[in-house]
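S.K.: Residue strings, one per chain:
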Amino acid sequence: MTDITRPIKKQLRQAVIDYAEDTIEDLTHQALAAGLSPQNIVLECLGPGLEEVGKRYEECTYFLPELMMCGNTMKRAMAILEPLMETGGVDRRMGKVVVGTVAGDLHNLGKNMVISMLRGAGFEVHDLGVDVPIHRFVEQVRELRPDILGMSSLLLTARGNMGKIIAALKDAGLRDQVKVMVGGCAVTPKFVETIGADGYGKDAVAAVNLAYQLLGLERTGEEV
Amino acid sequence: MPSAMTPRQRFEIAARMGIPDQVPCLPFLTGHYIAWFNNLEARDYWFDPVIKFNAQLAVQERYRDTMLYPGVWVDYSVAIETSALGAEPIFPRHSSPQVLPFLKSPEQVLALEPADPHRDGMMPKALDTLRYMLDHCPEELIEEYGYLAGVGMCMGPTDLAGLCRGYDTFAEDIYKRPQIVHHLMNVATETLIRYLKAQEEIAGRFQRLYIFDDAIGFISERHFVEFSQPYIRRIYDTFPYALKLFHCDNHTTHLLDVIAGTGMDTFNFDPNMDIALVKEKIGQRVCLFGNFNPMTVLLEGTPEEVETEARRLIEIAKPGGGYMLTSGSGTGAGTPAENIDAMIKACEKYGRYE
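Protein chains in written order, with our numbering: chain A, 689 to 912; chain B, 13 to 366.
Just so you know, these hints were derived from the structure itself, not from any lab.
Hints may be right or wrong, so weigh each one.
[To be verified] When the alpha-carbon atoms are kept at most 27 angstroms apart in a straight line, the in silico DSS-like pairs for lysine-lysine are as follows:
| hint | chain 1 | residue 1 | chain 2 | residue 2 |
| --- | --- | --- | --- | --- |
| 1 | B | Lys291 | A | Lys890 |
| 2 | A | Lys852 | A | Lys890 |
| 3 | B | Lys116 | A | Lys743 |
| 4 | A | Lys763 | B | Lys116 |
| 5 | B | Lys361 | A | Lys763 |
| 6 | B | Lys291 | B | Lys357 |
| 7 | A | Lys743 | A | Lys763 |
| 8 | A | Lys878 | A | Lys743 |
| 9 | A | Lys784 | A | Lys890 |
| 10 | B | Lys291 | B | Lys361 |
| 11 | A | Lys878 | A | Lys858 |
| 12 | A | Lys698 | B | Lys293 |
| 13 | A | Lys852 | A | Lys743 |
| 14 | B | Lys137 | A | Lys743 |
Values in this document were obtained by computation on a predicted structure and should not be read as measured data.
Sequences and hints are given; from them, build the entire structure.
M.R.: Right under this line is the structure:
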């Protein structure tokens with residue numbers, strides 16, 4: 689049977705890739721009018737669009753300005769979809785993520801890119817900011833009950849705090865309730881093993897892929 | 013047979029695409045490493061010029077036969093140039109100086125004017141520090157290692173603009189407000205030229221000019237050619253007699269066809285880039301300066317792994333000259349001294365020219 693929503697799905701995916709901020713809202717309304725659920729729009733249109741953006745970033749045809757533009761484009765679509773995902777008292781967003789740069793480090797670019805891309809991909813994201821003390825990470829995990837905690841550090845002198853935060857989560861009995869992902873220039877795969885994080889994203893695109901993977905979510909878009 | 017060349021001679025021959033007695037090895041040791049090595053709190057190192065100077069000399073003493081990169085230098089990290097334009101640097105106890113973006117609106121950018129290095133932000137303090145270091149630096153380090161005298165250093169205009177505006181907003185401006193980007197790049201460039209001229213009044217006519225511009229790796233070739241390259245070139249062109257050293261520790265493989273157009277003579281590049289490709293693309297025109305991984309090899313590796321990696325890099329980049337071994341970005345706090353020694357020794361072992 690022919691899928692009558694296929695053309696609009698394709699246009700939405702392409703709008704993300706082309707960072708078509710001017711048309712994404714219209715297309716999102718059209719997709720809803722065609723009967724697609726907000727969750728389907730995220731998983732079958734925006735998510736696959738983002739995946740292609742990630743591929744282009746990996747291939748060095750897209751860079752920070754293009755990621756910013758794609759992130760802005762997805763944000764416009766999510767502004768329409770998010771309220772619909774919360775209807776009926778049930779939150780159907782992709783998952784909840786708490787993100788911060790660890791204490792001793794004021795770098796925010798990587799963290800902000802991850803937040804922008806995660807929000808665009810349908811996640812509810814809480815930004816704790818930069819130079820975040822250990823106890824605040826623990827408090828926020830306890831209070832907000834996120835699916836994922838993301839930590840960033842660009843400084844070797846600060847990255848040790850990531851291990852301390854994971855230890856503090858264990859002490860508080862919260863470690864099993866949250867997946868922990870880390871990133872930033874100071875983080876290496878070997879370091880990730882030593883601190884016992886669940887995953888490492890080398891950039892914002894990898895972080896979104898990791899978030900999907902950690903929560904067992906699958907994007908189901910067709911080839912564009 | 014031990015070489016009769018001083019570290020400076022070896023460096024200057026290689027940097028000008030010549031063939032010295034051996035590939036020069038210049039450990040890339042910046043404040044993070046130097047403060048840790050001297051058991052100092054980071055803030056004390058970065059804020060107090062006397063403590064900083066003595067700490068740098070102590071590290072030089074540990075690696076006494078080797079020219080360090082950048083060696084003895086003013087080093088206030090990102091604080092000097094950004095504060096001159098209006099940022100308020102923070103000096104954390106355990107970390108390098110950091111700044112938060114302060115140019116929140118396009119109107120603020122358009123109102124911005126080039127800084128006066130004798131008046132604005134931390135530039136006067138940086139110039140005083142340069143004067144102090146020159147007055148107190150052992151003659152041997154100036155003559156045989158080439159430190160301080162005739163050396164100019166500044167942040168690149170792309171980094172300066174990105175830090176002041178916020179890299180993410182700056183990236184968005186490229187598409188949405190390109191005139192803002194050009195204005196900011198013009199102000200940044202003019203500020204850097206003024207700062208370098210002020211350095212030159214103290215350090216003497218430049219023989220070497222270092223520009224550190226990591227942000228160029230964030231943008232495409234098209235945007236680099238429009239928004240970044242002409243400004244870097246303008247700075248280098250202001251000092252045509254100087255050897256021009258360029259550092260970027262972000263990925264720039266996509267810029268290799270155009271990056272030499274900045275006017276650079278040497279290129280210190282990202283540790284994750286393929287040195288064979290860099291050699292093929294620009295190695296005939298530009299001295300390559302890299303690209304050890306300071307994290308996975310120097311910090312986390314063993315001396316044997318360091319030697320293996322040094323040998324690999326040397327075998328690829330040494331032929332024909334125009335190569336200097338260092339890391340692609342600064343050596344981290346906690347890096348074992350035996351790993352740095354292993355890098356230096358590997359250069360002696362595998363880097364000799366017959």
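S.K.: Are the hints correct? Go through all of them and say.
M.R.: Okay, the hints, checked on the actual structure:
| no. | hint | verdict |
| --- | --- | --- |
| 1 | B/Lys291 to A/Lys890 | 26 angstroms, holds |
| 2 | A/Lys852 to A/Lys890 | 21 angstroms, holds |
| 3 | B/Lys116 to A/Lys743 | 31 angstroms, violated |
| 4 | A/Lys763 to B/Lys116 | 20 angstroms, holds |
| 5 | B/Lys361 to A/Lys763 | 56 angstroms, violated |
| 6 | B/Lys291 to B/Lys357 | 23 angstroms, holds |
| 7 | A/Lys743 to A/Lys763 | 20 angstroms, holds |
| 8 | A/Lys878 to A/Lys743 | 25 angstroms, holds |
| 9 | A/Lys784 to A/Lys890 | 20 angstroms, holds |
| 10 | B/Lys291 to B/Lys361 | 21 angstroms, holds |
| 11 | A/Lys878 to A/Lys858 | 21 angstroms, holds |
| 12 | A/Lys698 to B/Lys293 | 39 angstroms, violated |
| 13 | A/Lys852 to A/Lys743 | 34 angstroms, violated |
| 14 | B/Lys137 to A/Lys743 | 46 angstroms, violated |
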